[in-house]
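Using the sequences and the hints given, assemble the complete structure.
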Amino acid sequence: MIQVREVTKRYGAKTVVDQLSFTAKPGQVTGFLGPNGAGKSTTMRMIVGLDAPNSGDVLVNGRTFASSAQPLHEIGVLLEAKAVHPGRSAVSHLLALARTHGIPRSRVDEVLHLAGLEKVAHKRVGAFSLGMGQRLGIAAALLGDPAVIMLDEPVNGLDPEGVLWVRNLLTGLAAEGRTVMLSSHLMSEVALVADHLIIVGRGKLLADTTVADLVTSEGVRVVTAAPDELRAMIGGAGVTVTSSGADSLFVTGRSAREIGLAAATRGIPLFELTPQNASLEEAFMDLTRDAVEYEAAR
Amino acid sequence: MKITPGGVVAAEWTKFSSLRSTWITTGVSVFLLVAFGMIASASFDRGGADAVGLALSGSTLAALAVGVLGVLLGAGEYTTGMIRSTLAAVPRRLPVLWSKSLVAGIAAFVMMTVGSFVAFALGGAVLNNAVAGMSLGDDGVLRALLGAGLYLGLVAVLGVALGMLVRSSAGAIAILAGGLLILPGLAILLPSSIADAINPYLPSNAGSAVMALTHSDGTLAPWAGLGVFALYVVAVLAAAAYRLKKSDA
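If you read the sequences in order, they're chains G and R. Take the first sequence: its position 207, counting from 1, is numbered 207 in the UniProt record's numbering, and each next residue is one higher. Take the second sequence: its position 79, counting from 1, is numbered 79 in the UniProt record's numbering, and each next residue is one higher.
Just to be clear, a hint being listed does not mean it is correct.
Claimed, not checked - Which stretches of chain G does chain R cover? Using the computed rule of at least three CB atoms under 8 Å from a CB of chain R, they are:
#1 28-36
#2 50-61
#3 84-91
#4 100-114
Simulated from the structure, these hints should not be mistaken for laboratory data. Backbone N, C-alpha and C define an ideal beta-carbon position, used for all residues, glycine too.
The structure is reproduced here in structure tokens:
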């Protein structure tokens with residue numbers, strides 16, 4: 001569990017994270033979304049105590065992270081692929097982290113295997129591709145068998161096979177009851193794995209929602225033989241019906257089911273009855289557009 | 001599975017020993033110490049020299065090399081981004097600084113003590129005729145050789161502390177070289193009464209006192225000198241600890 005409570009972070013005069021609060025719960029994947037520069041990375045750095053908030057606080061599994069007796073078991077993080085000395089081999093890097101906690105060598109081999117890095121385990125990390133660096137970062141995050149896994153842009157630079165691997169890994173970890181949080185600036189990436197969405201813009205919380213709720217229904221497109229008769233039937237308070245052609249209507253405020261049932265009672269033939277959903281990408285753009293425009297207007 | 005002081009030290013040793021640059025810098029330090037000791041022992045035949053002083057002629061350059069070793073270990077965390085992984089594993093932070101200093105200090109002490117003894121042995125073998133040969137049993141010889149190891153071990157710790165404080169290799173090396181090599185040169189420019197008072201307390205002069213076989217007027221007593229140098233190291237360590245604890249990584 002990650003609890004971010006009223007956190008504000010300023011760098012000089014610039015407020016990067018502004019009164020941000022949210023909770024990432026165990027057993028689900030929380031997607032942390034926002035345009036570039038929205039304060040996602042800064043927030044994640046504050047969660048593991050690399051940066052101190054100017055106000056507010058962060059709890060990991062109900063405690064302040066710095067006071068933990070076994071930090072790697074509390075939370076495993078991938079912050080940037082570059083949080084590694086390029087002169088060291090993958091196995092030495094993991095071993096150095098493991099030794100702080102007395103984690104056995106066998107666990108290092110285990111996560112190397114899990115990340116598919118066995119063949120390059122003794123190669124210098126400086127020679128790694130971006131994708132291999134990401135795999136190493138994820139291996140490091142899993143090292144301490146953590147209750148919380150937090151990954152910053154984990155699929156950056158991964159090939160399609162790697163993207164699929166991360167997706168399955170994360171859903172598997174959440175199914176084991178762990179808290180999983182991943183950030184991204186691409187909605188399409190996150191929608192496939194996340195149950196819960198935290199959307200930020202300019203450091204502020206824009207939405208704390210679920211994928212299902214975000215895909216709001218825009219309306220229903222109806223093509224029928226008797227548009228005028230149907231229009232009269234389904235009209236009412238909060239319902240708008242516009243006609244978009246000789247035999248087609250666009251209805252908001254009534255579900256496709258309600259329209260279908262109403263038509264059936266009068267025996268009105270329907271040729272098409274299509275709920276129109278805004279795509280996640282559009283919903284995300286709508287939410288964050290304000291944040292971006294706000295910046296441009298300043 | 002729990003974070004322990006011993007674990008953090010073991011981790012820092014793993015980091016230390018798994019970098020090629022560590023072994024290169026350590027090797028260079030030992031080489032400089034031994035090579036310059038031999039060259040000076042073989043060729044320096046003017047008065048005022050003793051066999052130990054000649055054998056340890058390379059200590060100034062060796063100090064620079066072990067100092068750079070310490071800086072690379074300390075500042076390298078920041079220049080590579082490794083510090084984020086390090087502190088996510090050890091969020092209390094300070095154990096990292098203590099462990100890194102300990103590992104660098106002990107490693108440099110061991111290697112440089114060995115280097116001093118080798119320099120003394122090989123220097124003695126090629127010693128020119130104008131200087132009297134000495135053995136380990138002679139007054140002050142053991143203290144000077146061991147002192148050289150201790151001084152150079154402390155220089156490595158100073159390097160670590162400067163690296164963690166400044167967070168940039170170039171900056172920390174500049175400060176290190178300035179403090180150890182350039183400061184004594186600048187002191188000469190002061191009026192001689194002031195220079196004489198300050199000179200013995202400058203970091204490298206104070207630290208070198210422990211390597212001098214005979215105690216002359218312008219220097220501190222051997223262990224007092226090393227103590228003064230240790231105080232410099234402690235001060236920089238304290239500053240590094242403060243920055244590590246208080247500022248964002």
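Evaluation of the provided hints:
no.: 1; hint: 28-36; result: violated (count 0)
no.: 2; hint: 50-61; result: holds (count 3)
no.: 3; hint: 84-91; result: holds (count 6)
no.: 4; hint: 100-114; result: holds (count 4)
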